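Asker: Sequence:
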Amino acid sequence: MSTRRFLTAAVAASAAAALCAAPATAAPEPGAYVALGDSFSAGSGIAPQTPSGICGRSAVNYPTLVARELGIDTVRDVTCGSAESTNLTGPQTGLGGGVAAPQFDALGADTTLVTLGIGGNDIQLVQLAAGCISLLPAPLTPSCSDRPDVYSDRIEAFAATYDSILDEIAGRAPAAQVVMVGYPTGIRPGGCLDSQPVRPADATYLQARIDQLNAVMSRAAAAHDATFVDLAPTTRDHDVCAADSWMVGAVPTSPDAVAPLHPTAASHENTAREIVAALR
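Counting from 0, one number per residue, gives the positions in the sequence shown under numbering that gives the first Met the number 0.
Hints were generated in silico from the structure; no laboratory data involved.
What you are looking at is a predicted structure, and each value in this text was computed from that prediction instead of being measured.
Every residue, glycine too, gets a C-beta built ideally from N, C-alpha and C.
One or more of the hints may lead you astray.
As the list claims (entries may be wrong) - Estimated spans, in silico, between C-beta atoms of each pair:
id, residue 1, residue 2, range
1, Gly97, Pro136, 40 to 48 Å
2, Ala277, Pro138, 42 to 50 Å
3, Glu68, Leu135, 44 to 52 Å
4, Gly170, Gln126, 27 to 35 Å
5, Asp104, Pro138, 47 to 55 Å
6, Asp162, Ser51, 26 to 34 Å
7, Pro47, Gly170, 29 to 37 Å
8, Asp162, Pro138, 35 to 43 Å
Construct the complete structure from the given sequences, taking the supplied hints into account.
Answerer: Here you go:
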């Protein structure tokens with residue numbers, strides 16, 4: 000989306016919310032940016048964390064960086080660690096027993112930009128990755144790629160949920176440009192058994208499911224006139240096997256590694272760059 004289109008949407012949202020027309024010489028108020036999503040968007044485990052701490056939200060996550068780069072003053076970042084799609088419309092019990100409001104409550108007529116990164120917890124992406132870790136040699140640890148593939152069917156079925164989510168966003172924030180943010184590359188095909196305890200076939204299977212989820216997101220975005228930001232090309236060389244890894248593996252190798260099987264601060268910086276580039 001071009002900067003001109005983004006500013007046009009901001010003006011439209013402000014006008015819709017006003018009770019009377021503003022003077023022709025008045026500068027339009029910029030619209031609001033709402034960030035929705037799970038821990039991959041919240042930046043769980045990345046220091047510094049925001050004061051409330053309920054959602055494990057980093058003060059340097061990609062929504063913060065996007066807002067700073069685009070000069071957006073009104074930011075409602077409601078991303079939350081462990082969030083599922085049901086937490087978009089319903090409350091979520093966060094860290095320490097605190098309760099986070101439904102994320103969709105942040106949307107409104109003034110919203111001109113929405114980023115959305117959700118679905119990994121619904122299809123149990125982290126559990127899938129954890130299930131592919133082999134701490135003992137075969138056959139003492141079963142191969143995850145040899146088990147019944149419940150994840151592939153689960154991912155395809157989630158397409159209908161993405162459709163519902165995007166319809167709901169359009170209804171609550173009709174002036175908003177929606178950006179769906181894909182999941183970064185986790186592990187290269189064949190893996191790196193010398194540094195991460197995932198067998199070659201299991202590494203290939205795991206990344207194939209991540210790619211599948213991203214493909215489902217991409218199709219949903221195209222069907223709803225949203226923008227899909229594909230992180231795979233820019234994160235492929237920064238997986239858990241890379242010397243310059245942007246993903247925390249089962250065996251942490253990054254100095255800022257905090258949350259296992261989650262992206263680092265460098266990954267969030269990359270995501271912000273990709274989102275800004277897509278908007279411009």
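Asker: Glycine 97 and proline 136, beta-carbon distance inside 40 to 48 Å?
Answerer: Holds: the Cβ-Cβ distance is about 43 Å, inside 40 to 48 Å.
Asker: Using the C-beta atoms of proline 47 and glycine 170, is the stated range 29 to 37 Å upheld?
Answerer: Since proline 47 and glycine 170 have Cβ atoms about 35 Å apart, the given range 29 to 37 Å holds.
Asker: Does the beta carbon distance between aspartate 162 and serine 51 stay inside 26 to 34 Å, or does it fall outside?
Answerer: 32 Å, holds
Asker: Is the distance from the Cβ of alanine 277 to the Cβ of proline 138 consistent with 42 to 50 Å?
Answerer: 46 Å, holds
Asker: With respect to the beta-carbon atoms only, verify the hint that aspartate 104 and proline 138 lie 47 to 55 Å apart.
Answerer: At 50 Å between Cβs, range holds.
Asker: Is 27 to 35 Å a correct range for the gap between the Cβ atoms of glycine 170 and glutamine 126?
Answerer: Distance hint for glycine 170, glutamine 126 holds at roughly 32 Å.
Asker: That 35 to 43 Å hint for aspartate 162 and proline 138 (C-beta), does it hold up?
Answerer: 42 Å, holds
Asker: If I claimed the Cβ atoms of glutamate 68 and leucine 135 lie 44 to 52 Å apart, would that claim hold in this structure?
Answerer: 46 Å, holds
Violated hints for the displayed structure: none, as all numbered hints are satisfied.
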